[in-house]
Every structure is written in structure tokens, then in C-alpha cells.
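Asks: Under this note's numbering, think of the first position of the sequence shown as 1, with each following residue one higher.
It is worth saying that the hints were derived from the structure and are not from the lab.
Values in this document were obtained by computation on a predicted structure and should not be read as measured data.
Among the hints, erroneous ones may be present.
[What the hints assert, rightly or not] Calculated cross-link-like contacts (lysine-lysine; reagent style DSS-like; alpha-carbon spacing at most 27 angstroms):
id: 1; residue 1: Lys-32; residue 2: Lys-128
id: 2; residue 1: Lys-143; residue 2: Lys-128
id: 3; residue 1: Lys-32; residue 2: Lys-143
id: 4; residue 1: Lys-84; residue 2: Lys-143
id: 5; residue 1: Lys-32; residue 2: Lys-148
id: 6; residue 1: Lys-84; residue 2: Lys-32
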Amino acid sequence: MSWRGERIGGMTREQMNEFLAGPWLARVACVKPDGSPYVVPTWYHWDGVAFWVVPRERSAWAHHMARDPRVCLVVDEPEPPIRKVICEGTAVVVEAAVGPYLDNGEPSVWNRIGERYTGPRYLGERAKEYRGSVNVEPCWTFKIVPRKITTWQGFDWHPRYKHPELQPTGETEPARGGEYPA
1 MSWRGERIGG MTREQMNEFL AGPWLARVAC VKPDGSPYVV PTWYHWDGVA
51 FWVVPRERSA WAHHMARDPR VCLVVDEPEP PIRKVICEGT AVVVEAAVGP
101 YLDNGEPSVW NRIGERYTGP RYLGERAKEY RGSVNVEPCW TFKIVPRKIT
151 TWQGFDWHPR YKHPELQPTG ETEPARGGEY PA
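Take these sequences, add in the hints, and give me the full structure.
Replies: In C-alpha cells form, the structure reads like this:
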């Protein structure tokens with residue numbers, strides 16, 4: 001495999017799902033009350049249809065998303081072959097700030113997500129210890145419903161960014177980014 005990656009261009013849905021199951025952080029961009037952007041790194045869960053994120057009750061970004069649900073999310077890897085997924089979507093409040101257990105004794109959605117997906121994926125064997133220390137604080141649960149998902153893999157530019165007359169061969173490669181409308 002070349003240092004540029006096995007393939008340059010968009011990922012298939014299967015490749016995207018496999019990549020999103022990795023230990024990467026997402027960066028969620030939302031809109032502050034003054035209209036300026038606010039970006040935060042966070043753990044996430046991708047269920048094959050939507051992203052799930054769990055901010056703490058007092059997190060600024062939770063309040064920003066509850067007020068204005070327009071979001072953008074990116075998950076990428078920092079070194080070649082450099083894969084990335086960019087999601088433009090809507091943040092839907094599934095649970096406003098609640099504790100780990102609901103009044104009926106059932107685990108909250110965020111508690112189930114943390115126990116089953118994000119804790120083990122990001123912390124492995126330490127997940128239970130970590131969850132025991134933080135599982136007392138209220139959290140929000142947001143489902144980020146994609147409107148558009150764009151993917152890329154490989155260490156090269158998309159042809160639309162290249163000037164054919166400046167390329168050694170006079171052409172650009174036919175690589176395309178993967179785009180998945182919701």
C-alpha cells in the first residue's frame with residue numbers, strides 16, 4: 001500500500017461505517033447565540049444512520065444545539081491514509097439533561113450508549129472505572145441526523161481543487177468524494 005493510502009477518493013458506505021467504529025473523536029460545530037461558531041471535540045456513537053453525542057448538563061454546546069439545531073460534525077484521522085467523514089445535519093434533543101437513571105429506574109439513553117458503545121470503545125477495560133466516577137452527573141442526549149455526509153480517504157487533493165495546467169501530466173486524477181444525502 002502506498003503511503004498515500006490504498007485508495008484515493010470517497011469511501012463506500014461500508015468503509016465509512018468501519019472507519020466510524022474506530023477510536024476517533026468527533027468535532028461538533030454548532031452556533032452560539034451571537035451567530036458565531038462553537039466547536040468541541042467529543043466522543044460519539046454512529047448507529048449507521050445518525051451520530052449520538054452526550055454533552056454534560058452544563059456544557060455550552062448542549063445549550064447551543066438545543067437553541068439552534070444546525071450542526072456540522074467531522075471525524076478524521078490525523079495521519080495517512082487520512083480518512084474523514086463530514087456530516088451536515090440537525091441536532092435533535094432525545095433527552096434534556098437527566099441523570100443516569102430515569103424516574104422509573106430505567107437507564108437513560110446516554111447511560112446505555114456510554115455503557116454499550118462509547119465507554120468500551122474509547123477506554124477499553126477502564127470504562128467501568130471511569131463510568132463509576134462520572135455516572136452521577138446529568139447529561140443531554142442528542143441525535144445528530146445527517147442532511148449530507150461527505151467522505152474522503154487517501155493523501156491527495158480532490159481533482160476539483162487542482163489546476164490541470166499545473167499538473168505534471170496536464171490532467172487531474174478522477175477521484176471523487178463519497179457523498180450520501182440523508
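Asks: A separate judgement is required for each hint: does it hold in the structure or not?
Replies: Do the hints match the structure? See the list:
no.	hint	verdict
1	Lys-32 with Lys-128	violated (34 angstroms)
2	Lys-143 with Lys-128	holds (24 angstroms)
3	Lys-32 with Lys-143	holds (19 angstroms)
4	Lys-84 with Lys-143	holds (20 angstroms)
5	Lys-32 with Lys-148	holds (22 angstroms)
6	Lys-84 with Lys-32	holds (25 angstroms)
When held up to the earlier numbered hints, the structure conflicts with hint 1 and nothing else.
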